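Number of protein chains: 2
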Amino acid sequence: MASEAVRDQNNRNEGENGDRGFCGKLMNKVVEFPRKLKKLGQDDPRRIVHSLKVGLAVLLVSLLYYFQPLYDELGATAMWAVLTVVVVFEFSVGATLGRGLNRILATFLAGALGFGVHHLANLSGQTAHPILIGVFVFLLAASVTFLRFFPRLKARYDYGLLIFILTFCMISVSGYRDEEILEMAHKRVSTILIGAFTAVFVCVFICPVWAGDDLHNSVANNIEKLGSFLEGFGDEYFKVAGNTESNKALLQGYSSVLNSKQSEESQANFARWEPRHGKFRYRHPWKHYLKIGTITRQCAYRIDTLNGYLNSEIQTPLNIQSNKVQELCMKMSSESGKALKELAWALKTMTKPCSAASCHITKSRAAANNLKSLLKTSAALLGSEGIHLLDIVPAVTVASLLSDVVSYAEQIEKSIQELSSFSHVQFKSAEPKKALQPCNSSASSTNDNVPHHVITIHKLPSQKEIGSKQGAAN
Amino acid sequence: MASEAVRDQNNRNEGENGDRGFCGKLMNKVVEFPRKLKKLGQDDPRRIVHSLKVGLAVLLVSLLYYFQPLYDELGATAMWAVLTVVVVFEFSVGATLGRGLNRILATFLAGALGFGVHHLANLSGQTAHPILIGVFVFLLAASVTFLRFFPRLKARYDYGLLIFILTFCMISVSGYRDEEILEMAHKRVSTILIGAFTAVFVCVFICPVWAGDDLHNSVANNIEKLGSFLEGFGDEYFKVAGNTESNKALLQGYSSVLNSKQSEESQANFARWEPRHGKFRYRHPWKHYLKIGTITRQCAYRIDTLNGYLNSEIQTPLNIQSNKVQELCMKMSSESGKALKELAWALKTMTKPCSAASCHITKSRAAANNLKSLLKTSAALLGSEGIHLLDIVPAVTVASLLSDVVSYAEQIEKSIQELSSFSHVQFKSAEPKKALQPCNSSASSTNDNVPHHVITIHKLPSQKEIGSKQGAAN
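Here the protein sequences line up with chains C and B, keeping their order. Counting from 0, one number per residue, gives the positions in the first sequence under numbering that gives the first Met the number 0. Counting from 0, one number per residue, gives the positions in the second sequence under numbering that gives the first Met the number 0.
Be a bit skeptical, because a hint or two may be false.
The list treats identical chains as one, so a pair stands whether inside a single copy or across any two.
Think about it this way: if two alpha-carbon atoms lie no more than 20 Å apart in a straight line, the pair counts; the simulated EDC-like pairs of lysine to aspartate or glutamate are [to be verified]:
#1 K375 / D71
#2 K238 / D303
#3 K260 / D303
#4 K371 / D303
#5 K351 / E235
#6 K290 / D42
#7 K375 / D42
#8 K278 / E179
#9 K278 / D212
#10 K35 / E235
#11 K347 / E264
#12 K427 / D212
#13 K153 / E89
#14 K35 / D157
#15 K347 / D43
Hints listed in this document are in silico derivations from the structure and should not be mistaken for laboratory results. Predicted, not measured: the structure shown is a model, and the values here were computed from it.
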């Protein structure tokens with residue numbers, strides 16, 4: 000987790016500090032810096048593109064100073080255009096559009112209101128003028144600041160409210176005459192429009208980053224991460240797989256899902272500003288992604304609990320592990336993992352959840368039910384070989400948690416199906432071949448009760464296509 | 000959860016929309032608005048105070064326009080002071096100080112650099128001037144924008160980097176002569192200083208809101224919420240308590256802990272800007288709170304899983320419930336709950352975790368161990384009355400999860416003790432009477448194996464003081 004990473008980094012730095020003093024620490028930071036820069040770019044190359052786009056937009060708008068006719072018109076206020084580009088340009092189109100619209104609307108409204116108040120105060124005479132202005136400024140600044148605490152306003156209009164206070168105060172307080180204010184307002188609105196349009200133009204037409212795409216992909220990736228954990232969990236818990244170290248690293252991918260709420264919510268807010276693009280129409284139900292995200296996180300909490308059992312000191316005795324309970328747990332885990340991966344793929348490619356996902360869910364549910372029946376005949380597990388109830392507590396807990404996970408996989412499937420049923424969302428139908436194939440593979444593997452290693456799935460000829468499809472989804 | 004609340008609200012609105020059309024919906028919103036405003040203020044009255052403070056700061060700085068000598072000096076640039084107050088004034092002192100310092104430093108550095116570049120370009124002749132300026136502006140805007148992606152820079156210096164680009168572009172691009180730029184720079188720096196100092200002054204000296212206090216209290220409150228859940232869980236799960244509805248509402252308090260990571264991290268970042276205040280010295284180990292927060296959240300994930308069993312359809316049969324397992328589970332739950340509440344109180348009041356918390360943890364650990372011994376003699380549970388292993392799966396899972404929770408309570412205790420051992424953190428020692436008393440009560444209650452209702456604890460004379468202390472902590 001990020002906080003732990005920061006702490007570790009800090010501890011390391013403190014250690015180095017003790018060894019090599021301030022100079023050594025500084026030297027170390029200087030040496031590390033280019034490496035970190037490179038990694039930042041490699042992690043998401045869109046960051047580099049975004050930086051170049053900001054440079055370009057600022058360059059374009061600063062050309063205003065060199066076009067003599069425009070400069071004669073706008074004069075020194077041309078700097079408002081530069082200012083607007085710098086503060087409005089955000090990483091995603093939605094965020095840039097939102098800030099741009101907020102800035103334009105708020106400037107316009109507050110300018111009009113400020114002019115009205117200023118005019119009113121002018122009419123009221125020399126003495127009353129400052130008092131009236133003071134009262135208005137105080138009341139407006141205080142009340143709009145309070146409005147910024149409204150969660151729904153904060154989510155979409157926070158920047159606009161800030162600019163509203165700003166512009167209102169600047170216009171109403173200024174000691175200008177009415178004519179001067181009108182001229183200033185005209186220049187300010189023009190330069191802000193120029194700046195905002197430049198920013199939006201560069202943001203939309205050069206390698207656009209859509210917040211909607213990001214939200215869509217991050218929700219799908221989160222489901223896939225849970226799927227990967229579940230596929231690997233059975234082998235890891237029952238110590239079947241060979242290479243334990245690399246598996247453990249692979250299993251930790253789920254942890255980023257736990258704290259995804261806030262980023263998903265802000266992406267959904269940005270996405271609502273975005274026009275139709277790619278697969279998404281203008282009023283795409285972005286809020287529904289938050290619902291899928293909430294269920295995914297609840298599933299992730301169960302998985303975090305399961306993960307605790309991987310590192311637990313109390314391990315189930317081997318004679319328990321090698322029996323039917325192990326087999327069924329592994330089946331529940333791997334089948335629900337495969338189901339989640341299928342669902343992630345269906346969501347990512349906007350294909351109607353094909354029967355493959357349903358098949359896997361049915362199989363994992365069947366394994367859960369088999370386990371239940373098995374536990375009814377408890378004599379099969381206990382007593383005979385001197386095994387106490389205590390010995391099977393971890394296995395029973397893991398089985399119980401896996402059964403919860405299967406329920407969540409069902410809920411995720413249902414919510415993705417809900418998404419695909421919205422009138423203005425177009426999910427492709429699964430290709431007939433694809434829809435049929437996993438059921439074939441299911442028929443062939445229902446008799447195959449030997450727990451199989453996850454990675455080998457992709458190598459089985461009968462599942463070749465699923466393998467290539469999952470590769471494409473990554 | 001917030002997303003669910005938004006969704007519910009939306010569904011409700013959609014329903015109303017269908018019934019009453021657009022006007023009805025609008026009318027409804029208008030009627031609801033004052034009620035929501037009132038609730039917003041009641042939830043945290045500091046919001047009202049903050050709004051009034053912003054109004055006051057803007058009013059103070061707009062007085063600049065009415066002091067003739069100051070206005071003669073600064074002229075129209077006085078609006079930069081208003082602008083600075085509006086954008087710098089944040090809810091907490093740390094955030095305001097951070098933004099103010101970022102703005103002042105970035106303006107100063109970027110101004111100096113921009114002036115240098117402008118001067119250099121002037122020397123290079125009429126033709127090369129715009130090209131040189133363009134290259135510099137593009138490179139600087141792009142590279143500083145890329146730096147903003149660094150997580151550590153983003154956390155503390157994001158606003159400064161933005162202002163750096165802004166000021167650099169404004170100064171270097173402007174068509175002014177060198178003397179004009181120096182005058183503009185002088186005015187801009189003065190007005191920004193005036194604005195920032197006004198904002199910081201009002202923020203610090205009128206009812207200050209310290210981010211450090213907020214972080215401290217929110218970490219402690221989160222631990223307390225988990226404690227409240229655990230205290231109530233046993234009764235609720237085993238259906239002992241009478242009033243089920245109100246209990247259920249009380250048990251949901253923990254859910255806000257699940258998504259607390261991001262707000263804790265930003266509070267910790269703000270807190271690092273804050274000077275010594277109240278119980279906290281300047282370099283208080285705020286990062287350590289993030290560590291406590293991480294453990295608390297991991298505990299909350301287990302509790303979310305436990306919460307799932309409250310609403311589960313599969314209930315443990317009654318003849319199981321009424322036996323020894325129930326008693327031990329309830330003891331584990333209530334004792335770890337009390338321990339967490341004690342720890343939350345100790346953290347909140349910065350008292351060294353007294354022996355009361357340790358006593359409760361010891362008792363809950365003892366209950367967990369007793370349960371283990373009990374499970375070894377599995378015959379006591381199974382077989383005799385025709386109870387299958389399946390019937391006790393939920394109870395075993397709950398017991399296993401509670402045992403995890405006890406471990407987390409131990410970890411939380413350890414991390415709070417670590418916090419109290421930092422050299423520049425001053426934790427009070429627990430009063431001898433307080434330190435002794437819970438051990439007395441522990442001695443009296445170890446023989447008292449009847450599960451007791453949570454609320455009645457406060458009424459027992461021997462625990463009176465603990466009760467009043469917990470009241471103070473709420």
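Each hint, compared with the structure:
Taking CA atoms no more than 20 Å apart as the test, K375 paired with D71 passes in neither setting, with 89 Å inside one copy and 91 Å between copies. Only within a single protomer do K238 and D303 lie at most 20 Å apart by alpha-carbon distance; the minimum there is 19 Å, versus 28 Å between protomers. In the homo-oligomer, the alpha carbons of K260 and D303 lie at most 20 Å apart both inside one protomer (16 Å) and across protomers (16 Å), since each shortest distance falls under that limit. Neither within a single protomer nor between protomers do K371 and D303 lie at most 20 Å apart by alpha-carbon distance, with minima of 23 Å and 23 Å respectively.
For the homomeric pair K351 and E235, neither the shortest alpha-carbon distance inside one copy (32 Å) nor that between copies (41 Å) is at most 20 Å. Proximity of K290 to D42 under the C-alpha cut-off of 20 Å is found in neither arrangement, the shortest distances being 28 Å within a copy and 26 Å between copies. For the homomeric pair K375 and D42, neither the shortest alpha-carbon distance inside one copy (50 Å) nor that between copies (51 Å) is at most 20 Å. Taking the closest pair of Cα atoms, K278 and E179 never come within 20 Å of each other, the shortest separation being 49 Å inside a single copy and 53 Å across copies.
For the identical chains of this complex, K278 and D212 are intra-copy neighbours only, at 9 Å inside a copy versus 47 Å across copies, given an alpha-carbon limit of 20 Å. For the identical chains of this complex, K35 and E235 are neighbours neither inside a copy (33 Å) nor across copies (51 Å), given an alpha-carbon limit of 20 Å. Taking the shortest alpha-carbon separations for K347 and E264, only the intra-copy value of 18 Å comes in at or below 20 Å, while the best inter-copy value is 31 Å. Proximity of K427 and D212 under a CA criterion of 20 Å is satisfied intra-copy only: 17 Å inside one chain copy versus 52 Å between copies.
Taking identical chains as interchangeable, the C-alpha atoms of K153 and E89 lie at most 20 Å apart whether they share a chain (17 Å) or sit on different chains (14 Å). Taking the shortest Cα distances, K35 and D157 sit within 20 Å of each other only across copies (18 Å), while inside one copy they are farther apart (33 Å). Taking the closest pair of Cα atoms, K347 and D43 come within 20 Å of each other only inside a single copy of the chain (19 Å); across copies the shortest separation is 41 Å, beyond that limit.
Checked against the numbered hints listed earlier, the structure breaks hints 1, 4, 5, 6, 7, 8 and 10; every other hint is satisfied.
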